[in-house]
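Colleague: These are the residues of each chain, in order.
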Amino acid sequence: MTARVVLTVAALTLQEAARRRVLRALAVMTIVLLALSAWGFFRLDANFGTLTSGEARLATSQVLNLVMFGLSLIAALGTAFLAGPTVAGEIESGTALAILARPVRRSAVLLGKWLGLVVFGSGFVAVAGLTQLLIVWATTGYRPPQPVTGLALLAAQTIVLLTLALLLSTVISPMASGIVSVGLFGATWVAGVVGGVGQALGNQGMAQVGTVSRMLLPTDGLWRGAMRGFQDPAVLAQFPAFADFPFLSKAPLTPIYLAWTCLWVMLLLGLAGVVFQRRDL
Amino acid sequence: MGPVIRRPAARQGAPDDVSGPAAEAGAEAAERLVAGLPAAPAVWCSGLRKRYRRRTAVDDVSFTVGRGEVVGLLGPNGAGKTTVIKILLGLVRPDAGDVLLLGRPARDPQARARVGYLPELFRYQLWLTAAETLALHARLAGVAVPAGERRECLATVGLADRAGDRVGGFSKGMQQRLGLAVALVARPELVVLDEPTSALDPIGRADVRDLLLALKSRQVTVLLNSHLIGEVERVCDRVVILDKGKVAASGTLAELLGQRELRLRLDAVSPEAKERLAAAGRVTRSGDTFTVALPADQDVAAVPDLVADLVALGVRVHAVEPGRISLEERLLDILRAEPGGDRR
Chain S
23 MTARVVLTVA
33 ALTLQEAARR
43 RVLRALAVMT
53 IVLLALSAWG
63 FFRLDANFGT
73 LTSGEARLAT
83 SQVLNLVMFG
93 LSLIAALGTA
103 FLAGPTVAGE
113 IESGTALAIL
123 ARPVRRSAVL
133 LGKWLGLVVF
143 GSGFVAVAGL
153 TQLLIVWATT
163 GYRPPQPVTG
173 LALLAAQTIV
183 LLTLALLLST
193 VISPMASGIV
203 SVGLFGATWV
213 AGVVGGVGQA
223 LGNQGMAQVG
233 TVSRMLLPTD
243 GLWRGAMRGF
253 QDPAVLAQFP
263 AFADFPFLSK
273 APLTPIYLAW
283 TCLWVMLLLG
293 LAGVVFQRRD
303 L
Chain G
516 MGPVIRRPAA
526 RQGAPDDVSG
536 PAAEAGAEAA
546 ERLVAGLPAA
556 PAVWCSGLRK
566 RYRRRTAVDD
576 VSFTVGRGEV
586 VGLLGPNGAG
596 KTTVIKILLG
606 LVRPDAGDVL
616 LLGRPARDPQ
626 ARARVGYLPE
636 LFRYQLWLTA
646 AETLALHARL
656 AGVAVPAGER
666 RECLATVGLA
676 DRAGDRVGGF
686 SKGMQQRLGL
696 AVALVARPEL
706 VVLDEPTSAL
716 DPIGRADVRD
726 LLLALKSRQV
736 TVLLNSHLIG
746 EVERVCDRVV
756 ILDKGKVAAS
766 GTLAELLGQR
776 ELRLRLDAVS
786 PEAKERLAAA
796 GRVTRSGDTF
806 TVALPADQDV
816 AAVPDLVADL
826 VALGVRVHAV
836 EPGRISLEER
846 LLDILRAEPG
856 GDRR
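Residue numbers (my numbering), protein chains in the order written: chain S, 23 to 303; chain G, 516 to 859.
Hint data in this document are derived by calculation from the structure and do not stem from the laboratory.
If you're wondering where the values come from, they're calculated on a predicted model, not measured in any experiment.
Just so you know, nobody snuck in bad clues.
Derived CB-CB ranges, DEER-like:
| # | chain 1 | residue 1 | chain 2 | residue 2 | range |
| --- | --- | --- | --- | --- | --- |
| 1 | S | 289 | G | 745 | 50 to 58 Å |
| 2 | S | 299 | G | 837 | 55 to 63 Å |
| 3 | G | 745 | S | 24 | 42 to 50 Å |
| 4 | S | 292 | G | 713 | 34 to 42 Å |
| 5 | G | 571 | S | 292 | 31 to 39 Å |
Beta carbons are placed, not taken as given, at the ideal position from N, Cα and C, and that holds for glycine.
Go ahead and model the full structure; you've got the sequences and the hints to work with.
Modeller: What follows is the structure in structure tokens.
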């Protein structure tokens, strides 16, 4: 009964994503990014003649991380702006009235929406990310050490952000929830950079900023884990001076951090369920 | 609720029989027992209250809608009609009170399995087609409605040729028609319509009236909130009048409109004659025209007796016209008579 509702709503959410302009916008942005990166990697490879092989690998893996950051930003923006309107927008417009007057639990509807968005976000990361890795492989011959883990962590980052956007959209307006979640995503990234600089300078206070923000919103932590999957492991050993660069990851993610991320997602989803259940329409 | 009838078979389901054939027999017996009871009312609500910050939207509202009845919910803007409907459907949480839909507590989503609803603020997924919208709602209701039946449902509301078109291209009126189809698609036993004709042209309104009459003939219960009193008067068996969040009056149309009035054009009306008029019912006067509201249970001789008495008291009687109070007049009467109401 509940499973049927969850799956029906998940399918509806995917259908919505497919039929609304956001998918086209996302597709156009992704194709532009992929095309640019293909051209860039091709040019990069052409200029490698003057570089040592270590320098070439460093350059390639760094550019790959930069492009992947762009992709993760597109995924984050896309899903956050899909998740925002999905609850708040439907409540505002009145679409939710007809749906929730059916014999359905609100928590099942919310879970269905979440599941649909998870499939959409993860699917996007898988397709766009894999295409990007293939482009890099074809143009420069570089193969990242852990492509699957990297993409999985990028998908997890998208899931974290869309869960946040979903929770916000049960409380605030559609546009606000999208903007706030993307804003927090950016703020956490900046806090991560600040933390990295703090570590490099041996400033405990600044380093704490990064650690705390990675706990509060795990997007940046997962992004750093994903980068580790794409960067050349020999690079850090070869060029220790680069260790504090924001597009490099020094340490792998701990299982405890991954467990915390899972718990974080479940907590937020549960909270969204409670808020949505109590909300008057 | 009907009386509980004890039957010997019901004892088979004793608490210690938790599994096995005995428990099954007990469950069957319990089903038979319930089946033997008169059907629970379509809607039963008691003591509903809802406050939005400082404003009381619904204040101790209780009413019942029997199976197969068509009940109109009337009242001025802001009387709490839509809030009451949303509480019944579990869309708004009441601060107090209980609701049973088709015999089940409204807290249980399954209570709405056989309920169709057209919201006042009707809006459907704009990226779906009309046919897909109906399929979605049938699936959410958990009812297997064949495609042919869904098409028929669209045809009932006049959208047969737009089944494959996206809702985003529909006019307001067409969306409201689609909303009616959505309310009807899952073979409901109770249909709740909140202002079903607000976006419709006169032809659409006539269609809705026919639809309501068709539902009535099929014994489908309807709770109708409408501003169009004429519409309510034509199709409803009973009305519940809400004002400032409270039930101001409720009853069958006969009970509410049973009251007749008598218009008399008189002159030479002495104080005794005025007393005699007042004894017959509530009197309003405009110039030489006196309107007497006669009680519903008057006997047939009341009017000739009144005229004879007035003549005997020396009153010159120019005209005596019987009149029937319309629901609109009665509604205004009730709302204006409310304590603290808008007396004019």
